[in-house]
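In order, the protein sequence lines correspond to chains A and B.
Take the first sequence: its position 183, counted from the start at 1, is 377 in my numbering, and no numbers get skipped.
Take the second sequence: its position 36, counted from the start at 1, is 230 in my numbering, and no numbers get skipped.
Honestly, the hints are just simulated from the structure, not real lab data.
Be aware that one or more of the hints could be misleading.
Identical chains blur together in the list; that is why a pair holds if it fits in one copy or across any two.
The calculated BS3-like cross-link candidates involving lysine-lysine, where the alpha carbons are at most 25 Å apart (straight line), are [to be verified]:
no.: 1; residue 1: Lys383; residue 2: Lys394
no.: 2; residue 1: Lys425; residue 2: Lys315
no.: 3; residue 1: Lys425; residue 2: Lys413
no.: 4; residue 1: Lys417; residue 2: Lys433
no.: 5; residue 1: Lys417; residue 2: Lys394
no.: 6; residue 1: Lys315; residue 2: Lys229
no.: 7; residue 1: Lys229; residue 2: Lys417
no.: 8; residue 1: Lys315; residue 2: Lys277
no.: 9; residue 1: Lys417; residue 2: Lys246
no.: 10; residue 1: Lys246; residue 2: Lys425
no.: 11; residue 1: Lys315; residue 2: Lys413
no.: 12; residue 1: Lys258; residue 2: Lys277
no.: 13; residue 1: Lys277; residue 2: Lys413
no.: 14; residue 1: Lys229; residue 2: Lys392
None of these values were measured; they are calculated from a predicted model.
Number of protein chains: 2
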Amino acid sequence: MPTRRSVFFVSDRTGITVEMLGNSLLTQFDGIEFKRVTMPFIDSIDKAREAKLQISAAFAESGKRPIVFTSQVDEAVRAEMTKVDGLVLDLFERFIVPLEEELGVASAHAIGRSHSAGNFKDYNHRIEAVNYTLAHDDGVTNRNLDQADIILVGVSRSGKTPTCLYMALQFGVKTANYPLIPEDLEAMKLPPALVPLKSKVWGLSIAPDRLHQIRTERKPDSKYASLENCKYEVDAAEKLMTQSGIPFLNSTAKSIEELATHILHEAQLVRRVY
Amino acid sequence: MPTRRSVFFVSDRTGITVEMLGNSLLTQFDGIEFKRVTMPFIDSIDKAREAKLQISAAFAESGKRPIVFTSQVDEAVRAEMTKVDGLVLDLFERFIVPLEEELGVASAHAIGRSHSAGNFKDYNHRIEAVNYTLAHDDGVTNRNLDQADIILVGVSRSGKTPTCLYMALQFGVKTANYPLIPEDLEAMKLPPALVPLKSKVWGLSIAPDRLHQIRTERKPDSKYASLENCKYEVDAAEKLMTQSGIPFLNSTAKSIEELATHILHEAQLVRRVY
Numbered sequence: 195m196p197t198r199r200s201v202f203f204v205s206d207r208t209g210i211t212v213e214m215l216g217n218s219l220l221t222q223f224d225g226i227e228f229k230r231v232t233m234p235f236i237d238s239i240d241k242a243r244e245a246k247l248q249i250s251a252a253f254a255e256s257g258k259r260p261i262v263f264t265s266q267v268d269e270a271v272r273a274e275m276t277k278v279d280g281l282v283l284d285l286f287e288r289f290i291v292p293l294e295e296e297l298g299v300a301s302a303h304a305i306g307r308s309h310s311a312g313n314f315k316d317y318n319h320r321i322e323a324v325n326y327t328l329a330h331d332d333g334v335t336n337r338n339l340d341q342a343d344i345i346l347v348g349v350s351r352s353g354k355t356p357t358c359l360y361m362a363l364q365f366g367v368k369t370a371n372y373p374l375i376p377e378d379l380e381a382m383k384l385p386p387a388l389v390p391l392k393s394k395v396w397g398l399s400i401a402p403d404r405l406h407q408i409r410t411e412r413k414p415d416s417k418y419a420s421l422e423n424c425k426y427e428v429d430a431a432e433k434l435m436t437q438s439g440i441p442f443l444n445s446t447a448k449s450i451e452e453l454a455t456h457i458l459h460e461a462q463l464v465r466r467v468y
Numbered sequence: 195m196p197t198r199r200s201v202f203f204v205s206d207r208t209g210i211t212v213e214m215l216g217n218s219l220l221t222q223f224d225g226i227e228f229k230r231v232t233m234p235f236i237d238s239i240d241k242a243r244e245a246k247l248q249i250s251a252a253f254a255e256s257g258k259r260p261i262v263f264t265s266q267v268d269e270a271v272r273a274e275m276t277k278v279d280g281l282v283l284d285l286f287e288r289f290i291v292p293l294e295e296e297l298g299v300a301s302a303h304a305i306g307r308s309h310s311a312g313n314f315k316d317y318n319h320r321i322e323a324v325n326y327t328l329a330h331d332d333g334v335t336n337r338n339l340d341q342a343d344i345i346l347v348g349v350s351r352s353g354k355t356p357t358c359l360y361m362a363l364q365f366g367v368k369t370a371n372y373p374l375i376p377e378d379l380e381a382m383k384l385p386p387a388l389v390p391l392k393s394k395v396w397g398l399s400i401a402p403d404r405l406h407q408i409r410t411e412r413k414p415d416s417k418y419a420s421l422e423n424c425k426y427e428v429d430a431a432e433k434l435m436t437q438s439g440i441p442f443l444n445s446t447a448k449s450i451e452e453l454a455t456h457i458l459h460e461a462q463l464v465r466r467v468y
C-alpha cells in the first residue's frame, strides 16, 4: 500500500499558481499517494486560522505532517500560515525578497494582481481568440480562415479542439481546426482551402490504439472506431502531412499544455495574454 | 519613462509553471516595464548554453541584469543555468530539497512528469468536459442538461463561454451556459428548462458600460449595444437572478481564472483534472 500524505494549496487568490507549482513538484515523488485540498481566497487572519484548523485535523487523523504550498502577500496572514502544523512552503516569501533586492524597489504587497481582469486589452485578445476558435472549430467555415494564427489538422478525435481552445484561452492566439476526412486521405490531398495558408498549418497525430479507444467510447462497434480503420487513417494522415511539408506532433504522449506550448514556440508566435 | 528589465522564463518543459509563478511575482513591482521571453524545452547542456548566450546579450544591450525564472530537474543543466549572468530563481531547487527531507524519499529527478498525458483518466475527463461544454454553449440544446455540473446564465456577452471553457479544460467540469434573453427578462422568469436544475445554476453579471463597450465592438450603433439597453438588461438580469435565488458574480472586475475558481469553490465541486 502506498504511503498517503495530505497536501494543501492555500492562497489569498485563486490558488492556481500554487496548485501548478505544487503539483509539478509532487510528480517527482513516486510511491506516495497525495490527498489534495485547495483553499482559495484565504485573505484574512480569520480565514487563515480556519485553514490552520483544517490542516491540523488532517495531521491528527493521519499522523503525518501535511504539506502546505502557500502564497500569501499579506504579512500578517503569512505569519499566521507559518504557524501551521506542517511543512509550509511559501512561494511569495521565497522569491519576493531576492526580487526586491535585485530591482531596488519594494514590492506592492497587494493582493489580486495576477490573472487580473484589469487589463482590458488582454481580456479582449482572449475573448476574440476564443470566439474565433469556436467559429472555426472542425472546419465549419472557411470564412476569414486567413486570419487564423494557426490552423490545426488531423483525423477526427486526434485532440484538435481542446488544443485549439487552450491556445485561444491561455495565449490569446486565434486558431482554426480542420479535420482530415476519409476523402482527403483517399485523394492524398490537403483540403483545398488550406493550400494557400500552408505556412500556418500544423498537424496532430495519435497512436492508432489510443484513437481506437477514444472513438470506441463515442461510437462502439463502428467501422469509424475499428482498430483497422484507425490504423489506416493515422497512417494515411501522417503520409499526407509529411508529403505536404506540414509539421505534426503526436498527441498520445503529450498533454494539451505541451502540444499548445510546442506549437506556439515552434511557430514563433507571440502570446497576447499574460 | 519606466525602468525596463528583461525577464526570462527557462524551463526543461513547457515553461507554463515558471511563467505563472514569475508573472504573479512580477505584478508586485510597479513602475518597471518587464520584457518577457519564454524559453521552453531547455533540457540539455547545449540548449542551456544557448539560453545563457541570449540572456547575456540582453544584459549587454540593456546594461541591467536580467531576471531568470527557471525550473530544471536535471542537475547538470541546472548547474549550467546558475552560471547565467542574471538573478536566477530556480523553483525546483528551492522546493524539492525540503520536500525530499519531509517525505523521506529521494525525488525522481525526471523531466516531463507534470501536465502529463500519461494519465488517461484525467485526459478523458478533460475531453468529455470540453465536448459537453461545446455542445451546451449558448443554450443550443437542453438535451442531457441534467448532466451538467454547472449551468451558467447571464446576458449576452457577459463572459459565460470563456468561463465555461476554462472550467472544462482546467478542472474537467461539465458546464452548460444559457443566455438570459430579452423575453426572459420581460417575463422575469428563468428559462423553463433551468427551473428543475436551479441548484446547479450560477450567474454572471457585468458593468453596463463594459457590456456596452464589448457589444459595440461586435455590433456598432445597434440597439443591442446601446448603453441604455445594456443598463436595462443588466439591471433586469440581476433582479431576475436575485429573485430566483441564483448566486451571481460580476465579470467586470474578475478574470476568467478567478470566476472559474470562485464557482468551483463555492459550488463545492471537485476538480477532475490535475
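Now the hints, each set against the structure:
1. In this assembly of identical chains, the alpha carbons of lysine 383 and lysine 394 lie at most 25 Å apart only when taken from the same copy (17 Å versus 47 Å across copies).
2. Taking the closest pair of Cα atoms, lysine 425 and lysine 315 come within 25 Å of each other only across two copies (23 Å); inside a single copy the shortest separation is 45 Å, beyond that limit.
3. Taking CA atoms no more than 25 Å apart as the test, lysine 425 paired with lysine 413 passes inside one copy only; the shortest distance there is 16 Å, against 47 Å between copies.
4. Proximity of lysine 417 and lysine 433 under a CA criterion of 25 Å is satisfied intra-copy only: 21 Å inside one chain copy versus 52 Å between copies.
5. In the homo-oligomer, the alpha carbons of lysine 417 and lysine 394 never lie at most 25 Å apart, since the shortest distance is 32 Å inside one protomer and 38 Å across protomers.
6. Within a single copy, lysine 315 and lysine 229 get their C-alpha atoms only as close as 38 Å, which misses the 25 Å cut-off; across copies the closest is 17 Å, which meets it.
7. Taking identical chains as interchangeable, the C-alpha atoms of lysine 229 and lysine 417 are never at most 25 Å apart, the minima being 41 Å within one chain and 52 Å between chains.
8. Neither within a single protomer nor between protomers do lysine 315 and lysine 277 lie at most 25 Å apart by alpha-carbon distance, with minima of 41 Å and 37 Å respectively.
9. Within a single copy, lysine 417 and lysine 246 get their C-alpha atoms no closer than 56 Å, and across copies no closer than 53 Å, so neither meets the 25 Å cut-off.
10. Taking the shortest alpha-carbon separations for lysine 246 and lysine 425, neither the intra-copy value of 54 Å nor the inter-copy value of 43 Å comes in at or below 25 Å.
11. Taking the shortest Cα distances, lysine 315 and lysine 413 sit within 25 Å of each other only across copies (19 Å), while inside one copy they are farther apart (42 Å).
12. Proximity of lysine 258 and lysine 277 under a CA criterion of 25 Å is satisfied intra-copy only: 16 Å inside one chain copy versus 38 Å between copies.
13. For the identical chains of this complex, lysine 277 and lysine 413 are neighbours neither inside a copy (54 Å) nor across copies (55 Å), given an alpha-carbon limit of 25 Å.
14. For the identical chains of this complex, lysine 229 and lysine 392 are neighbours neither inside a copy (47 Å) nor across copies (31 Å), given an alpha-carbon limit of 25 Å.
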